[in-house]
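Undergrad: Single-letter residue listing:
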Amino acid sequence: MTEPLTIAMPKGRIFEEAVQLLREADYPLPPEFEDSRKLIIDIEEAELRFILAKPMDVPTYVEHGVADVGIAGKDVMLEEKRDVYEVLDLYISQCHLAVAGLPNTELDPVAPKIATKYPNVASAYFRSQGKQVEIIKLNGSIELAPLIGLADRIVDIVSTGRTLDENGLVETEKITDITSRFIVNPVSYRMKATVIDEMVTRLEKVIVQKERVI
Amino acid sequence: MAKPLVFEKPLGMRDTLPDLYEVKSNVRVTMEEAVRQWGYRFMDTPTLEYYDTVGEASATLDRQLFKLLDQEGKTLVLRPDMTAPIARVAASSLQSEALPMRLAYMAKVFRAQQQEGGRPAEFEQFGIELIGDGTVSADGEVIALMTDTLQQAGLDHFQVAVGHLGFVDALFKEILGNDSRVRRLKRFLYEKNYVGYRQHVKQLPLSSIDQRRLLDFLQLRGDASILERAEELISSTPGYQAIEELTMLREFLEAYGVSDVILLDLTLVSHMTYYTGVVFEGYAEELGFPISNGGRYDTLLSKFNIEAQATGFGVHLDYLIEALQPKEQGRSSQCVIFTEEHRKEAIAFSVDKRKDGIQVVLQDLKGVKDLDAFTETFSDVTYFIGSKKEGKR
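Which chain is which? The protein sequence lines are A and B, in order. Take 381 as the starting number for the first sequence in my numbering and just add one per residue. Take -5 as the starting number for the second sequence in my numbering and just add one per residue.
If we strip away everything but chain A, and leave its shape as in the complex, we get (with noise of 0.2 Å):
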């Protein structure tokens, strides 16, 4: 092999969990990984090359085969509907989508208002639920929406609460749980099947032993 794995990391949230899980699967990620600054890193010794992205442009480069393989949240999944292979659940960074609002509130019954970063997974879902509704988009601090008047409810990932609870909000309804998965170019599954099918095995292995453990 001559030329490296590209992979795709989601920085942020995600990111040290899917380390974590490279590294347990036997992959040397040296221990300054984390704290690097570069967009690209290369690990000439594994034959692999990691590109840190923002989670919802991860698979955006799968798709377009810039990068081989990626790590993706459901939720980005969901949203970008991207042509990518979905192959592995990694169960890491384990939260929900679902819908909020101020307590005690009612949807506007003539134009009802949903602030999201996700507006295809909230128009789709309110859609499914028999109501048309009018998306507003926001890219962070979606809470403010509902606080400051701006939208009848939000559609955003919750993992703890905490930050709906501390902004005086409430889950109305679950949409679906959401957890991180390997994704892999349609080309490069093929082209490069045999190493990717052997870090799919080894991500697997770690995967199975810590099921188990839980």
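Please note: incorrect hints may appear among the correct ones.
To be verified - Lysine-lysine pairs mimicking DSBU-like chemistry, simulated, CA-CA at most 35 Å apart:
1. Lys511(A) <-> Lys196(B)
2. Lys511(A) <-> Lys180(B)
3. Lys461(A) <-> Lys511(A)
4. Lys391(A) <-> Lys180(B)
5. Lys418(A) <-> Lys497(A)
Keep in mind the hints are simulated off the structure, nothing from the lab.
Mind docking chain B on chain A? Use the hints.
TA: Just chain B, lined up with the frame of chain A:
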């Protein structure tokens, strides 16, 4: 929406500049020659078709169709692929021709892009259709020919994944019983969602043996040895038949000497309903998207009121060229610069050269502002200026 600026084009539309055009036309000629060698005849169809005929029959998703209205209010589509139009012709104008029919095309097709750039919305597709032959030999011929044309075009490293929808349908039907359950599970494969597939299987009310069979099915990717494992999973006649077809197909491809680029992948579901038997996709190392695909589509022609089995492939020419990464070829043409008093000699000189097959640009000196910049791109420049003819470089 802001009014487009003069340099802007609709999303996904691209220009072909002269250098790329040259490269493209070379590849085009090579590939056309390759399929002619196998006795395929080229044809063309209109760019616009009715939505209700070709649009409906096509494998392209509805939201990817470019739609417009004609003067009578009928919905038209820009053809999204060539398979459906050729099926229309085969079922009408060419209906009296003897089957099997071997047809080829090189045409621009149109698929609207939803999200963003990075993929062309208008692109050239090259392909063949083998109509009226339901044998494994036909499946084999199509795959072997696709491999041959890709090789002739100069593509060194590529692979072709081959699956069989007959097997997927048979296995799922055996275990799940009804069609709607089969469709639900098949959709996970179509969406490439193995995680969702496994979760779905685990919550189905099945015996642990049947669950195991469905989960093991996901492992059926690799060399010929997976066919034995596939045989262990299946117990119905259509399933065995699919395996037998794949075994014969491998032998056929071996005889053509192309089996080393073949990879079996029984989980390959490239379309929910369109393909009915053997399916395949071609991949090149340098590109993130499949460069070619195809398969058996035995039900398409019945939409045009004839019963005929058919198979074929299509190569995405723009992707292929991206994967070939052709070297920039310098311009090989010569330049002749003349002044008025030498016009006659210059013309005679150029005509002779062109007769010898040399590309010659004849340019009046008065028409050029920056002579150095102009002559720089030519391999050779001849001057008919002043007192005598002069060669340079």
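Undergrad: Just pull the numbers of the violated hints for me, sorted ascending.
TA: none
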